[in-house]
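Number of protein chains: 4
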Amino acid sequence: MYSFICDYSEGAHPSVMKALSDVSYEQNAGYNYDKHCAHAADMVRDLIKRPDADVYFMPGGTPTNLISIAGSLKSFEAVIAPSTGHIEIHETGAIEATGHKIISVDDCPDGKLTADIIRRVVGGFEDEHTVVRKMVFLTNPTESGSIYYKSELEEIRRVCDENDMYLYVDGARLGCAITAEGNDVTMEDLGKLCDIFYIGGTKNGALMAEALIVLNEKIKPDFRFHIKQRGALTAKGFALGAQFEALLTDDLYFNLARHSNACAQKLAKGIAALGYEFDVISCTNQIFPILPKPMIEELLKSYEFYVWAPKSDTHSVIRLVCSWATPEEKVDEFLKDFELLHQKYGK
Amino acid sequence: MYSFICDYSEGAHPSVMKALSDVSYEQNAGYNYDKHCAHAADMVRDLIKRPDADVYFMPGGTPTNLISIAGSLKSFEAVIAPSTGHIEIHETGAIEATGHKIISVDDCPDGKLTADIIRRVVGGFEDEHTVVRKMVFLTNPTESGSIYYKSELEEIRRVCDENDMYLYVDGARLGCAITAEGNDVTMEDLGKLCDIFYIGGTKNGALMAEALIVLNEKIKPDFRFHIKQRGALTAKGFALGAQFEALLTDDLYFNLARHSNACAQKLAKGIAALGYEFDVISCTNQIFPILPKPMIEELLKSYEFYVWAPKSDTHSVIRLVCSWATPEEKVDEFLKDFELLHQKYGK
Amino acid sequence: MYSFICDYSEGAHPSVMKALSDVSYEQNAGYNYDKHCAHAADMVRDLIKRPDADVYFMPGGTPTNLISIAGSLKSFEAVIAPSTGHIEIHETGAIEATGHKIISVDDCPDGKLTADIIRRVVGGFEDEHTVVRKMVFLTNPTESGSIYYKSELEEIRRVCDENDMYLYVDGARLGCAITAEGNDVTMEDLGKLCDIFYIGGTKNGALMAEALIVLNEKIKPDFRFHIKQRGALTAKGFALGAQFEALLTDDLYFNLARHSNACAQKLAKGIAALGYEFDVISCTNQIFPILPKPMIEELLKSYEFYVWAPKSDTHSVIRLVCSWATPEEKVDEFLKDFELLHQKYGK
Amino acid sequence: MYSFICDYSEGAHPSVMKALSDVSYEQNAGYNYDKHCAHAADMVRDLIKRPDADVYFMPGGTPTNLISIAGSLKSFEAVIAPSTGHIEIHETGAIEATGHKIISVDDCPDGKLTADIIRRVVGGFEDEHTVVRKMVFLTNPTESGSIYYKSELEEIRRVCDENDMYLYVDGARLGCAITAEGNDVTMEDLGKLCDIFYIGGTKNGALMAEALIVLNEKIKPDFRFHIKQRGALTAKGFALGAQFEALLTDDLYFNLARHSNACAQKLAKGIAALGYEFDVISCTNQIFPILPKPMIEELLKSYEFYVWAPKSDTHSVIRLVCSWATPEEKVDEFLKDFELLHQKYGK
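Chains as they are written, first to last, in the working numbering: chain Z, 844 to 1190; chain G, 844 to 1190; chain L, 844 to 1190; chain X, 844 to 1190.
Keep in mind that a hint or two might mislead.
No copy labels: a pair is met if it fits in one copy or bridges any two.
Below are the DMTMM-like pairs computed for lysine to aspartate or glutamate, each with C-alpha atoms no more than 20 Å apart in a straight line [claimed, not checked]:
{"#": "1", "residue 1": "K1063", "residue 2": "D970"}
{"#": "2", "residue 1": "K1179", "residue 2": "E1140"}
{"#": "3", "residue 1": "K1063", "residue 2": "E969"}
{"#": "4", "residue 1": "K878", "residue 2": "E1147"}
{"#": "5", "residue 1": "K1173", "residue 2": "E869"}
{"#": "6", "residue 1": "K1035", "residue 2": "E995"}
{"#": "7", "residue 1": "K1035", "residue 2": "D897"}
{"#": "8", "residue 1": "K1063", "residue 2": "E971"}
{"#": "9", "residue 1": "K1154", "residue 2": "E1141"}
{"#": "10", "residue 1": "K917", "residue 2": "E1060"}
{"#": "11", "residue 1": "K1112", "residue 2": "E1024"}
{"#": "12", "residue 1": "K1061", "residue 2": "E920"}
{"#": "13", "residue 1": "K1109", "residue 2": "E1120"}
{"#": "14", "residue 1": "K1061", "residue 2": "D1004"}
{"#": "15", "residue 1": "K1109", "residue 2": "D1180"}
Bear in mind the hints are in silico, worked out from the structure with no lab data behind them. What you are looking at is a predicted structure, and each value in this text was computed from that prediction instead of being measured.
The shape of chain Z in the complex, shown without the other chains (with noise of 0.2 Å):
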């Protein structure tokens, strides 16, 4: 059975298996003071054309955002999300567990923040009986595939500025969004815009890695203490880096991200061909056709993948997947058995 469950399915890329494999006897400094995160911070910073910004080298998604929003936090601050964001739904409160409140809201369109919706949150009572909203973190591409454009965050960044506010973003998929179908934010724009963000690698080729990127002066200063007591300052820290030389060498992130895209953009053109809508339109490699249920029943007998949403009493949402690692030979034969069952269950 193959799988289309996740883009984390898969172990590296082999030039990140041999970048973890040249390591192996050489020795290194412990916890990010070797040369291979030095390095890769400076092709961070290059590629994101912010020669000031501070670079670390995480192990995973969720240690990456509690660590952010917690390491840029007074105690009584407060981040905005979508309701939909990972940090409000899929991290087990994990936010809240370090002592903040997430403002979570509602109808964001596509799963994307607006600035009128930040606008209308922060416009509401502030005072000490109140938290206050500090920072606005925003997924791109968001949980449902689509993607900010650049007058979008622009926006987001003057509702930021003119409130004094972080913005935050959590670029798990990042790749994805930089390399798709109509997008026209790039790295160097996103070093401009935000105050923190970061790179996502365990979701595109890496091993595990996060590269996060602090660019705001007032949350630099003790940012290695707030990594160190939530648990993920890396004694093996040079293997973080290493991962991202690769990564980062040859444009091998965004060929993968590109790769990704294409095989779930493949996918959604042959479904939508045979006439099924979407959920939402999503550009990236996460896709979400909605389908009749005895159909899904039997793609299930051949293919991994996530029932979303119930649509209607006949219809349900599903979620297909693709990764660096999918072959373009399951995509076709997706297709094709997709065909198949098209012919058998109508639409």
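Use these hints to put chains G, L and X onto chain Z, whose structure you have.
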């Protein structure tokens, strides 16, 4: 410059690297629900003869410690630890950041908690104005390289039973304890004596992986929630499981530890033979010779190591650590250089 | 200027003051272990017909809320609350500061949670990547002055039972709910339906005191530890107990609430008689009339009250609150002034 | 049975009760924004000669301690306290529950931290693997009744300045220190030497109230947020302010403390005159005589007090505490009874 700084300077053993390579294009379920974690967990259960154990694979030592403690205790329950314990001094308040008090105990002989010390601590007044002493934390081997003997652990177990307390063993370097000369504690003993403990992989051949073992039925039920909430439920958990599959095959884990110990003990023997004393007697992979300061200065020109503590106006304690990857010729080289310096600087 | 700002503008009722004076030179045990707390707790148990209840006397509403929640929940368990709930918006993230998530629910009719809303929330996906929904929080009367009817509470209880959840009622103004016109919930009902709730004294005749009642056996055991750890185990607990002895003697507590309600309802009736509408229909001691802005400006010259929310370009909602100490002549005076302004400003 | 258990057995002094009665029907703003808090704060500022001080009125000692510490420190910063300090042993881990480590120091002479001890603690290794030592906590008088002299506090201030640390003084019984025989510290001195400290009312004539004084500009800005978030922003703050208005009028606060001290010292003198020794020499309102166990048994038939600690097979230490309300005749009575027992049980 060769480094005797620590045992996490190198990457992973070739067998571990091979295991990681093998999962590169294999699809696995996420978050420890895969066949490698399942298999490695079985291997751990066999090793400790506890078929009922819950086994989790974790990405590092600090998250393992903070989750083991926060996941076992109610908010007002505290953990007793030696004042030299890792959680007390080298984790940036990571335990307290989860809300729990560490009751720090001074004057532990060789860095070891004893049943008597614990009895003295639990003998004090306890009601709702105090924390409840609920867990004993110890490291085996200790931060000074000493090990716990079976009778010591059994007596500590007895105090724990008498006082309804959990015993948690931080086994970051457990292999080095088990394979140390003179050790009489088996993995099976630990399976019997502990409520929760971990087998450290990162410092013994893994790239990054620890095997956390939960034995007490009261601690078991919600453990995955705690791991996720604290940011250590690794998406590619299979990559952690695969590392332990390699380490637990053909006794590799213990052979690597034996090698680390042998290298360090060879260093110790050579240094002692020239008449030098040691700050503590260690039978494991880190040793603490007391050397004249000018000699230390000279050694630092060719080798990296920590100057651990001042001992007198003229002498300091240094720490030398060997790892699974330390080449025996580097040990011999060091001893040769050391003898030359000895002739020059006396002792 | 007379103030209709809130119901904690005045000190304590004379009977409460007398009770406090009576303990001035009397020696009592500390920390709630005295005869006044014991007696007042018995009075509470009688009132709610739950001889098995644990009763604690607390110094204020926020500590009572945060301890009730943090003392009942495991770290990864969350509480469901209306988005207008006090803990969600007016306690500066006090609940999250204990590590717990509030699942905030929009669109609660009249500020009330309903069984259907709760069912929808608990119907979602739940595993170790999400928090566990474990408690329902509601305020009776709500922040908009509405009350819960017996059938509503019973149905909420049913949802809680079906989903193994606790029901916690914040009764900061509970007297006003129980004595409201149309109310059909008795104190005995609350004793049957809640797992934990509190009877607010501070807003109803006490100087500062709340009676917290723990009914569920799972919550009871460690409660004094939680109260102490969060800073609310009052040294002179007897002074809290004595206040409740006074309040629960001769029905004083409910008579005071009746008075607050009567004053506010007289205001409401007078305002309605002139044709004004209300933002929500309240039967308790706070009312929310919609008035023309110039009229509000004029009223603010003689009275203190909150301008609650804008309603349209020309009108705003104001909040008027009466207390146990509001003199009826002030109500009459206000209505007289109001009628004059009405003639001037139309409606 | 008369009780020498503690100094919070009685209610409030008549002047305090009168102040509370006076606000019964007076309308005041909530949450410390009233004229009584404003006036009492001015009185505090006059007393300590710091017109720039921020003053907050708090409902009890534990919330004051935990908010002072959590409100001053970043998450990875720690507070140094004597191992006998209240926050270390008698607050159920309340400080750790806010996420902060207490660095507990043994062997403090007479329960007092010294500049040398603090220097030793801050002299150790500090980087991102350790907490940052940022605050010194001391109690004046200490838990054993001893007091800090001016030169001692000045030297501690110097260490704090050298190491960029805050000095926080828990003044739960501050009146007793200031009025103790031999004391040379003035309120003005405290205003100069501390970054933050509190004047305890609850143990000295108030019903429940502490005056918290924030002097350091770095701590000031967000303090009301911290107070609210931790549940101690009292709705009827005016009732706390009014108590301090009474206490600070006509030197009442210090007169009451003088009385407590005088009673306890009369007890001490009488006991010493018969040849008994003391565990620590206290010049304040709690004394620690060492008595034969059978004599203690007899005393306990007529008086309540704590048996503090065993001293030998035959003797124990007891604690006797006098308060603002202790009648001198009870002291005389105790001494008469004591002399009779002395004749019977020898010493």
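Here's how the hints hold up against the structure:
1. K1063 - D970: between (27 Å within a copy, 16 Å between copies)
2. K1179 - E1140: Answer is within: at 16 Å inside a copy they meet the 20 Å cutoff, but 71 Å across does not.
3. K1063 - E969: The answer is between: 18 Å across copies meets 20 Å, while 26 Å in one copy does not.
4. K878 - E1147: Between copies, since 16 Å is at most 20 Å while 41 Å is not.
5. K1173 - E869: Answer is between; shortest inter-copy Cα gap is 14 Å, intra-copy 38 Å.
6. K1035 - E995: Cα proximity of K1035 and E995: one copy only (14 Å, versus 52 Å across).
7. K1035 - D897: within (14 Å within a copy, 39 Å between copies)
8. K1063 - E971: between (26 Å within a copy, 13 Å between copies)
9. K1154 - E1141: within (18 Å within a copy, 54 Å between copies)
10. K917 - E1060: both (15 Å within a copy, 16 Å between copies)
11. K1112 - E1024: within (13 Å within a copy, 62 Å between copies)
12. K1061 - E920: Answer is both: 14 Å inside a copy and 17 Å across each meet the 20 Å cutoff.
13. K1109 - E1120: Cα proximity of K1109 and E1120: one copy only (15 Å, versus 58 Å across).
14. K1061 - D1004: within (14 Å within a copy, 24 Å between copies)
15. K1109 - D1180: within (14 Å within a copy, 64 Å between copies)
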